[in-house]
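Novice: Required output: the full structure, derived from the provided sequences and hints.
Taken in sequence, the protein lines are chains A and B.
Numbered according to the working numbering, the first sequence terminates at residue 552, and the numbering increases by one at each position without gaps.
Numbered according to the working numbering, the second sequence terminates at residue 552, and the numbering increases by one at each position without gaps.
Any given hint could be a false lead.
[Unchecked claim] Quick list of simulated restraints, FRET-style, between CB atoms:
id, chain 1, residue 1, chain 2, residue 2, range
1, B, S199, A, E367, 49 to 59 Å
2, A, L90, B, A507, 33 to 43 Å
3, B, S199, A, E132, 31 to 41 Å
4, A, T456, B, S535, 55 to 65 Å
5, B, T156, A, L90, 17 to 27 Å
6, A, K472, B, E132, 55 to 65 Å
Think of the hints as simulated: they come from the structure by calculation, not from any bench.
All C-beta atoms, glycine included, are put in the ideal place defined by N, C-alpha and C.
The lines below spell out each chain.
There are 2 protein chains.
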Amino acid sequence: MRIAVAQLNFHIGNFESNLKKMLSAVDTAKTQNADIICFSELTTCGYPPRDFLEFDDFINQAENCVNELTKAADGIAIVVGSPSRNPSPLGKNLFNSAYFLADQKIQQIANKALLPTYDVFDEYRYFEPAKEFNIINYKGKKIAITVCEDIWDLPTDGESMETYDPLYTVRPMDELHKQNPDFAINISASPFSYTHPDSRIKIVKANVDRYKIPMFYINHVGAQTELIFDGGSIVMSGNGNLHAQLPHFEEAIQTFDLDEVTTGEHNIVPGHNKMQMIHDALVLGVKDYFGKLGFKKAIIGLSGGIDSALTTYIAAKALGSENVRVVLMPSQYSSDHSVKDAQDLAENLGLEYNIVPIKPAFDTYQEMLAPYFKDLPENVTEENIQARARGMVLMAMSNKFGHILLNTSNKSEMAVGYGTLYGDMCGGISVIGDVYKTEVFELCRWINRNKEIIPTNTITKPPSAELRPDQKDSDSLPAYDILDEILFQYIEKRQGPNEIIAMGFDAQLVKRILRLVNISEFKRHQTAPVLRMSSKAFGMGRRMPIVGKYLS
Amino acid sequence: MRIAVAQLNFHIGNFESNLKKMLSAVDTAKTQNADIICFSELTTCGYPPRDFLEFDDFINQAENCVNELTKAADGIAIVVGSPSRNPSPLGKNLFNSAYFLADQKIQQIANKALLPTYDVFDEYRYFEPAKEFNIINYKGKKIAITVCEDIWDLPTDGESMETYDPLYTVRPMDELHKQNPDFAINISASPFSYTHPDSRIKIVKANVDRYKIPMFYINHVGAQTELIFDGGSIVMSGNGNLHAQLPHFEEAIQTFDLDEVTTGEHNIVPGHNKMQMIHDALVLGVKDYFGKLGFKKAIIGLSGGIDSALTTYIAAKALGSENVRVVLMPSQYSSDHSVKDAQDLAENLGLEYNIVPIKPAFDTYQEMLAPYFKDLPENVTEENIQARARGMVLMAMSNKFGHILLNTSNKSEMAVGYGTLYGDMCGGISVIGDVYKTEVFELCRWINRNKEIIPTNTITKPPSAELRPDQKDSDSLPAYDILDEILFQYIEKRQGPNEIIAMGFDAQLVKRILRLVNISEFKRHQTAPVLRMSSKAFGMGRRMPIVGKYLS
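Specialist: Structure below.
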């Protein structure tokens, strides 16, 4: 038996294009002599469809798409992810399903039982968990088909079943295993974080080790606003060896012979370089954000600092230099090297750049507000006016020429609220908002590993917002290596103040940083979606009260 | 047996103040000779605590709070909502619980089984559903204790059990009913929408009609960012008569004698006026947003139009006129009456107002951008520059003087994207973003029912953004009564294009409006939290993809 793994990039709600792509893949699989082709999770409608699932019309269109695919299931079986209607009146009205199509009929529907409802996932918002588990018989083989999370509730990293703390109360593969399947298929939409490619291999291996059958793990590829699906679909032999892995961050269709997979003669040990992965994920995130919205051109405010330099580099890689416009907007506090560093980057990347000094706007606002501000001392107000004047220039150019403004804030400054709402926090998508400042440095050095693309001075000079004379980030924040570690423990690891202080950090500093994170929630609420790189990004994956008193 | 209903306003994460408030209520209940005092859902930590529930430190603090209350359960029993740890390794690690405290001990814990995970609710994100149901025996009475949603999965409005479509697969009160309880207690945190006070009475009645026992329904009161809890706790006799209802939108502690409740001699028919309710909810929403964040003063851009007039009126009611500053920012396109209407409102409300014409800023940006815009025709860019210049002035004054800027967008314009990001869409909280334009008119007329507070001309003149000569909203949008009905069907009722067209609306218009709603998702993503008035508000209750193709 030959099984085709189709790792493709789908578009939410674009049923016509998604169907066309799948029909074309079926043709390809037939040329590869496949007996079964497997798509990823919820491919008819794209993942995640979010509240569109509440529209009957949307579900009808997904069903139509399955019906069209059913007609194509002729001489080949198709495993496709799509919502299905719950036939029981009890519980939610939909299942998150894997349809098994063969002989131009819907032969069976396997429903997802473990519905991730944490971090960026909201699946119990829409779906009823499956309570029945049936293997599928096809051409003399018994197949265990599951959907994404269904295989994830197992220990990895050497933890034992005895100490493991299951998130769910059933284990679908345990149930299917009782029916003696020959192999397993899992269709997934597993979003990228820089630790997740490794985690996926570990969890597939944990399943294979437990059930002793080959597993085909089919992942989605492509970005959907903040979520980036990195592909890397896995074929694992029944002996726990990695038989094959599809590429990361690109589409692929590849067919495998079950007999070869079963013998498991290959033993690939994949290596995932964190900076390479983040780089590729950011590029795909920007590319698909523009491509799927039907936009081509980006605009970026280039300060000469490292954050806007990195954002610009990513945009140029994703969209092409000819589609990226940068604007240098020096103020009276900008240092000489800022303009030079920004120009150097623009030239290295072959970008069009404009220079629009913001002093005229700053002076005008000073005059307009003088009757009210009178002799009050300058403070953060005047810093914010500069940042907002820049945002205004960028948005005006964006409006006039049809560019999308890219936000350049990094995760460290978003965390502590070190940014101006409606100023440098403007933008349609936050490119590096899930990359800590220390990682920004690391990534820029990685990008420069063979050749200076991001000017060395941009990387080596002390970070500054340049909103007042001789300002440095270090005037108001601790060193970034300390700040980022405290933030990582609080945000990614959900450690409280006592736990973090017990790690050896200064108690007052920890309390101050955690307070800054909490009181900045109102700012983050109003920022662009953030391309998710870590296991805990700002935005849909981290939902905090704005009005509250805990640690604030 | 005497039961005290304590409908109080709690603060998320403010364990100290929440505990103090509960201890004081216990004292009050003792003076009312209560045998049991009942608080609402998750009162130790405040509702909704959101992802703070993932912090072990946060749960510890809630447990400490329960322990302190346990000491006070001396001569009185206490029913209190708090998270509790799931003793089983299987499933999520927390329950959403009602603790029953008596004789200075935790006597029993009743866990919530139906975990609302739709609209603004994310409870399965945190909690494991209960699978066991046990009544509580106290002083010779058998009590069925449930938490909020546990009583909601029943038909109302005359629908039969046969045709009803349950959202869940168990019904906790059916299970408890088998144990012959004498009465029921439900502790809730049920957020306001203008239909919900009626729905609550209906659902309590549906339970009483089914189980034939009195029910005490204790609701939370107070606003938590976008969610407003309106109290209105219910005591219903076993014969289905409404015995008593606590006030809406304010704290109250009232004790009832079970014997009197059982006889059910009262029969109150509550009347809920939609405009009165929305008015009171908006005022409480603004009041608590400021009070719980520790702010006092608001700033608002007053255009002379009806949206900013209504927002200003609400702010003055909530915060006091002395705490509201309004700024008039006429442009070259502002009509004469705009300034006059704005001044009239400010005077009617006794508000300080400033006039800051925005022409200098507009001219300066024109000059700064002239080298790039050259001879390109004016378009939406120049309109947005005006709106953003106003946002900038307001934010500068907000920064300098410590005001919070209130957003003045209504639901109709937020829906179709008729507003400028970083311009008139600025603000810390959106006051009327869940009030359609037609409702804005209705509410203003209601406010003026006895006396002209909002200038009549503000209500009667044709709506205009005044961003180009003689502009009217009706130039680019259909009449608001038609627009709002289409929006209501799409947003609140989740009807697709075909269903809405079948109601008799013009097909092209429906498609255009739905498209505008969908392509404006990126703008709404970056706006302030919206005070929730309806069953489907923008924000946390409506989660849509930004990048997608469905109806766009």
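Novice: Work down the list of hints and note, for each, if the structure agrees.
Specialist: We went through each hint and held it up to the structure:
A C-beta distance of roughly 55 Å is found between S199(B) and E367(A), which places it inside the suggested range of 49 to 59 Å. Taking 33 to 43 Å as the suggested C-beta distance range, the pair L90(A) and A507(B) conforms, at roughly 37 Å. Separated by about 34 Å at the C-beta atoms, S199(B) and E132(A) satisfy the suggested range of 31 to 41 Å. As the Cβ distance of T456(A) to S535(B) is approximately 57 Å, the hint placing it in 55 to 65 Å holds.
For T156(B) paired with L90(A), a C-beta distance near 18 Å keeps the hint of 17 to 27 Å intact. For K472(A) and E132(B), the hinted distance range of 55 to 65 Å is satisfied, since their beta carbons lie about 59 Å from each other.
Hint compliance for this structure: no hint is broken.
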